[in-house]
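Participant: Start from the sequences, fold in the hints, and give me the full structure.
Be aware that the first sequence starts at 1, since it is given in this note's numbering, and climbs by one per residue.
What you were told as hints is all true, and nothing was included just to trick you.
Dumping the calculated SDA-like pairs for lysine to any residue here, alpha-carbon to alpha-carbon at most 25 Å:
| no. | residue 1 | residue 2 |
| --- | --- | --- |
| 1 | Lys46 | Phe498 |
| 2 | Lys419 | His227 |
| 3 | Lys112 | Gly572 |
| 4 | Lys359 | Lys401 |
Please keep in mind that the hints were generated in silico from the structure rather than gathered at the bench.
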Amino acid sequence: MKDYDFSQIENKWQKAWEDDKTFSRELPDRRGKYYVLEMFPYPSGKLHMGHVRNYSIGDALARFKRMNGFDLMYPMGYDALGLPAENAAIKHQTHPREWTESCIATMMDQQKALGLSYDWSRFLATCRPDYYRWNQWFFLKLLEKGQAYRREAPINWCGDCGTVLANEQVIDGCCWRCDGPVVQKNLEQWFLRITDYAEELLADIDTLTGWPESVKTMQRNWIGKSHGAMVNFRDRDTGAPIPIFTTRPDTLYGVRFMVYAPEHPDVLKMAQGTDREQEVRAFVDKAMNQDKYQRAADDKEKEGVFLGRYAVNPLNGDEVPIYTANFVLMEYGTGIIMAVPAHDQRDFEFAKKYGIGIKVVISPPGEQLKESDMDRAFVERGTLVSSGPFDGMDNEEAKEKIALYLEEQGIGSRTVQYKLRDWLISRQRYWGTIIPVIYCAKCGIVPVPEDQLPVTFPDDVKFTGQGNPLLSSESFVKTECPSCGGPARRETDTMDTFIDSSWYYFRYCSADYDKGMFRREDIDRYMPVDQYIGGIEHAILHLLYSRYFTKALRDCGLTSVSEPFTNLLCQGMVTHETYKDATGNWLYPAEIVKKDGGVFKLDDDSPVSVGRVEKMSKSKNNVVDPGNIIGEYGADTARMFILFASPPEKQLEWTDAGAQGAHRFLKRVWNTVQSVAEKLQDTNPASGEIDGGILRLTHKTVKRVTADIGERMNFNTAIAALMEWLNAFTAYAGADGADPATLRYGAETFLHLLLPFAPHIAEELWRDLGHDDMLSLRPWPAFDPALTLDEEIEIPVQVNGKIRGKLTVPRDAPQDGVLAQALEIDNVRAHTDGKTIIKKILVPNKIVTIVVK
RNA sequence: GCCGGAGUGGCGGAAUCGGCAGACGCAGGGGACUUAAAAUCCCCCGGGAGGCAACUCCUGUACGGGUUCAAGUCCCGUCUCCGGCACCA
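Facilitator: As structure tokens, this is what we get:
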């Protein structure tokens, strides 16, 4: 018998699929489309286990759908613009393009070594002009529609690097790269008006029935809709309007002070000329220089200063002092709040600290709350007091009533606020899509004419790590105004790379098209994505931006799709035990050995301490390299283990023993099918009736595997079913008198079911059974429901809820007979004799229950 | 604090609609083959009690209650863990 030479087999079939164009061919007789998509990777040059898990899940589903006759879309590409390439350029003095392209090449090789059935003819890389050209084109469309705009906004600025930083790139108020101070700065930046879509993005979450609850909740929280009222307070002395947003109009009679965000442009103006001016200026300066993250820290003490001015409450004429304080955010609402210390914990703390009075306007029903007794704000439901005409009203009702009254009086209006901000897309970086506009002293902001797209990367730039490299290219920056022909300057900001990933799944549908972003008919054919698979870390960013882009594309008349991803699967992390040697150094799994119930270092046998199971990460060295695993066990084993060990959305702990278990299974498959192939050589063609036991087991297995992949995406139970089948079949095949027709039927059906998980070995064994077509393109086996049911059924018999015996009866046997038989069982008798039977229950083909007293 | 998810053998997990808890695999134990080892194959494997034994009984799905002939599954309450958000007025 041949050995299971996985390495030779896997190379052979990967090449065969490529030569045959097995997965990029148009297939006949399809029954509808299915689009499987994995989140495209950033080409770092090295595949990790998280990728392998992602692709193993997607490929198993894709192969299943292909065999089930679907017009399958299953593409792969690269999210190839971004900072790492630029940092590599600075470090190694290479061009980001070279670094990225070489990473793409190695990454693709590693993906091909996994035997994934992508249609590589749809390949895309976002760093290539044929892709980012359409980013630019669409940006201009958005600009035309007012969806893209430029405004001044506060951002994180690192003076040493001369660039903006994302919030997550600011660590303890310092730049993550140069450790220099980061300051808040107002800069002109490009934004996309995603807030225009806040309501639709929120409402449509309800239509995403195929998404995990957790992701939908995170998106809802992020959009952060709240109902409330705008109320117009006034400055007592100048009469200037002081608009505020509140969700608690029911507490309006309890307002004791007002607070402005320190960044609010009116703060300094208001303090001007009062005796507070110096104090206010000092406070604002301090607040402005503080890192936003620090200022919002949990344990941060509330601090503020009185502006020396007063506001008038439009509802009851109360005059209250105006403060500025660190806990009020400029970005939310109007940047000004009304403060009700009796009924808001933050306001309560602030009032206590600065000796401001408290006024109760809501009391628990039937009680009178006293200010002097309060040690915290009262925020529960209650009844209004000291609120003029609204006294005695339930506070929930008063929210609506008071808001209506404000509208009647023209001093406020009911309104809705969102936490969602417009999307800041400007980046002072090189390796991103260049924003296609030109600045002309005479004409202002002028879009680059469509026929001049794409605006490509200039190559005469220096990567110094200081500032935006694009600024160093004079040939790029200096240009002519497309409108008046005069001297002009190109935009040097590039787009956030999340733009690239917000529409790539549309592009796959028309990857070769050069007249537009995509062809309408291709989108109509394949969109939306039926199953999207990726990590939970994109729950907000990528998935929200993509939903926004999809709606924006629709509103530009380019598609009729409203939601991009029908079903979303968020795979769990890949984890591994951690190891430390005696001196506390992290060890790689490859550096240790487990023996005699202990764990030791491979090179010197010194003891190793085993730490927690944690997400695979370079910092703890607990990483297993997919390349090594494929070398040692093969891609089929790696895929098999990953899918078997855990359901896809749960955490997966990589264990070497588990991988060996998966490998053992494949070897058993190999040995069993090879022995069948040998037997069939002598006795072919097989004829005659198929063994009833194997026939029923096989139909049952087809049914289970079909549902486990197609309906539940529980690959682990599908594989368990295959293992059970193999255990039974191996026993049958090894016994005397195994029938050739049964052997052929069983082995051939099984290989179809195995293929989505372990495609190489399945193809090879299919060949060895004497076939010369591609198993990958064969139809999925059907099952006969009648044959998935056993003829005889074992039924447990309970007395008072405890099992006292079992009964083997034909399926659908008459109920009376079954009950009579059940009562005859010795052990059942032992528990019923001398007692009164008060109830007999028979669930057909399931269980018999007798209740006695 | 708020929101979401989860707690089942030594371990990963299964039980899909309220109907035999622990499928399948890993680890462990025993046996076969072998000069020996590896590989492979077979058997056992939640806890406790009784029996020579086939077997029988009790107990068990985080904890406390409840509904039901029957609960891992449904309801009420509690605890723990994981993830997200968090001064959003």
